[in-house]
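Participant: The listed protein sequences derive, respectively, from chains A and B. Taken in order, the first sequence gives residues 1379 to 1658; the numbers are from this note's numbering. Taken in order, the second sequence gives residues 744 to 923; the numbers are from this note's numbering.
No lab work stands behind these hints, which were simulated from the structure alone. One or more hints might be untrue.
[Stated by the list, open to error] Capping the alpha-carbon separation at 25 angstroms, the derived lysine-lysine pairs in BS3-like fashion look like this:
1. B:Lys872 - A:Lys1572
2. A:Lys1518 - B:Lys872
3. B:Lys808 - A:Lys1535
4. A:Lys1493 - A:Lys1572
5. B:Lys808 - A:Lys1526
6. A:Lys1410 - A:Lys1481
7. A:Lys1543 - B:Lys857
8. A:Lys1493 - A:Lys1525
9. A:Lys1518 - B:Lys808
10. B:Lys872 - A:Lys1525
11. A:Lys1543 - B:Lys808
12. A:Lys1420 - B:Lys872
13. A:Lys1572 - B:Lys857
[Stated by the list, open to error] To list a few chain B residues with every Cβ distance to chain A over 12 angstroms, as calculated:
14. Leu771
15. His783
16. Met796
17. Arg841
18. Ile843
19. Phe844
20. Leu854
21. Ala858
22. Phe859
23. Gln862
24. Gln866
25. Pro902
26. Leu916
Owing to the predicted nature of the structure, the values given are computational and were not obtained by experimental measurement. No residue lacks a Cβ here, since even glycine has one placed at the ideal position from N, Cα and C.
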Amino acid sequence: MIILRALLNIDRRIMYGLLCLTIVVMLKWPVKQPLSTTHAVKGVYDAVEAIPHDKIAIVSIVWSSSTMAENGPQTEAIMRHLFKRGIRFAILPWDQQGATLAKDIAEKVSAEMGKTYGVDWCDWGYRPAYLYQILPALAKDIPATIKKDYRGEDVRKLPMMRGVKTIHDVGLVADITPSGTLDAWISQIQGVYKTPIVFAPTLVMVPEAYNPLDAGQIKGMLPGLPGAGQYEQMLNYVGFGQKGSGALSGSFILIIVLIILGNVGLVASRRRRPEDGGGD
Amino acid sequence: MDAFLQRYSLQIIVWLGALSTLAIFSILYKENAFYRLFEHIFIGLATGQGIFMTVSQVLHPLWWKRMTAEGQWYWVFAFLAGMMFYFVYSRKYAWISRIIFGAFMGFTAGLTFKAFATQYVPQIAASFKPLGGPPSSARPDVTAMTVVYAVSFLVFLLPLVWAAVLGSKAARLKREAGIR
């Protein structure tokens, strides 16, 4: 009876402590988790593989430090794939924090892979997230809409921007976001100009993306951290996506165990005879 | 000092980050001054960075510089349009704010109309799936889910139709019997 009572009254601080411990242990000593590649993740890979070399990609950044654990590895994986294929890309940040964080990731990956700013990639600099207002103008004239990169240099003068005029010179848009920005990209860009879009949302946003995915409006999706892990596996490197997926699974298992324990305690306490003080 | 910062900046950043994270998560234990202090630091940092990024990457290069150094004086109208919003606080001149609000509502309505056509119509079209099964190249899970949706919808709809039919029959019988 004491055990049952204890199961029903586990202090939330103990549960938080266990959760913290699970995540720390599984991040420190990652367990290799078999990740099967889903149709949605393969769609992203295929979309990047299909970009013609004369076109650029746009990496749209809407995330900030609060969702960096999920959106950071997604950003890194997509950038690595673009660099690997030799596709030039531009970062288009819609968040002040994300602008700095995504640039840091691009600088780290470009240094590792021997790529040069302005030639292989560039950063168009932070723009306020008025996507519905900015995207129609961007589609018609990219240099006139963007004008300057994050360093204040004219984007027309960047070598990678030579020949890039309209959205027809863009082979892919990767929308990496914890917000509802996909609607703007679909309605203002994909729906009008048929520019391929891939989507990298946080895990909680995944269900709502299946409609555009099934309708072919987005070519693929990286569902949160596991999506990044699957993509890393396809690119043959181990990043935070794979390491973090193990920790995520561990924390989910712990939560399931705690729910089971709580329910076992509740059911057992109801079955106790009234003279033992059981029942409702 | 520069040499010290160059050598240890990464370590300092990592330790500060770890300390800040622990401070924020300490709320899970209980409300405490340590958490409050770092909560305010975080809010201040985010606000400060937001203002800096907006001024340095948007307002200065794309508005102020163009207006003052590149001769595009007409950008002053953006400032005037922005200021019109603030007349909402004046009872006497609130009509000025209504002009700019109306203009923005008009823009948004137009964009929403376009968005419906380009975003939702293809999704509605894609939702019409053959019950008999797709070509072998299509995804099997989509067809299976479509069948499940269709059956669920029928199970949901049939009792409603049945209730509506019974309701109308009862109403007719009442009318015929002269019962109010």
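Participant: Now look at each hint and say whether the structure bears it out.
Facilitator: Here is what the structure says about each hint:
no.	hint	in the structure
1	B:Lys872 - A:Lys1572	holds, 22 angstroms
2	A:Lys1518 - B:Lys872	violated, 35 angstroms
3	B:Lys808 - A:Lys1535	holds, 19 angstroms
4	A:Lys1493 - A:Lys1572	violated, 29 angstroms
5	B:Lys808 - A:Lys1526	holds, 12 angstroms
6	A:Lys1410 - A:Lys1481	violated, 29 angstroms
7	A:Lys1543 - B:Lys857	holds, 23 angstroms
8	A:Lys1493 - A:Lys1525	holds, 23 angstroms
9	A:Lys1518 - B:Lys808	holds, 24 angstroms
10	B:Lys872 - A:Lys1525	violated, 45 angstroms
11	A:Lys1543 - B:Lys808	holds, 23 angstroms
12	A:Lys1420 - B:Lys872	holds, 23 angstroms
13	A:Lys1572 - B:Lys857	holds, 15 angstroms
14	Leu771	violated, 5 angstroms
15	His783	holds, 17 angstroms
16	Met796	violated, 4 angstroms
17	Arg841	holds, 20 angstroms
18	Ile843	holds, 14 angstroms
19	Phe844	holds, 15 angstroms
20	Leu854	violated, 5 angstroms
21	Ala858	violated, 4 angstroms
22	Phe859	violated, 8 angstroms
23	Gln862	violated, 4 angstroms
24	Gln866	violated, 5 angstroms
25	Pro902	holds, 27 angstroms
26	Leu916	holds, 45 angstroms
Against the hints set out earlier in the document, violations occur for numbers 2, 4, 6, 10, 14, 16, 20, 21, 22, 23, 24.
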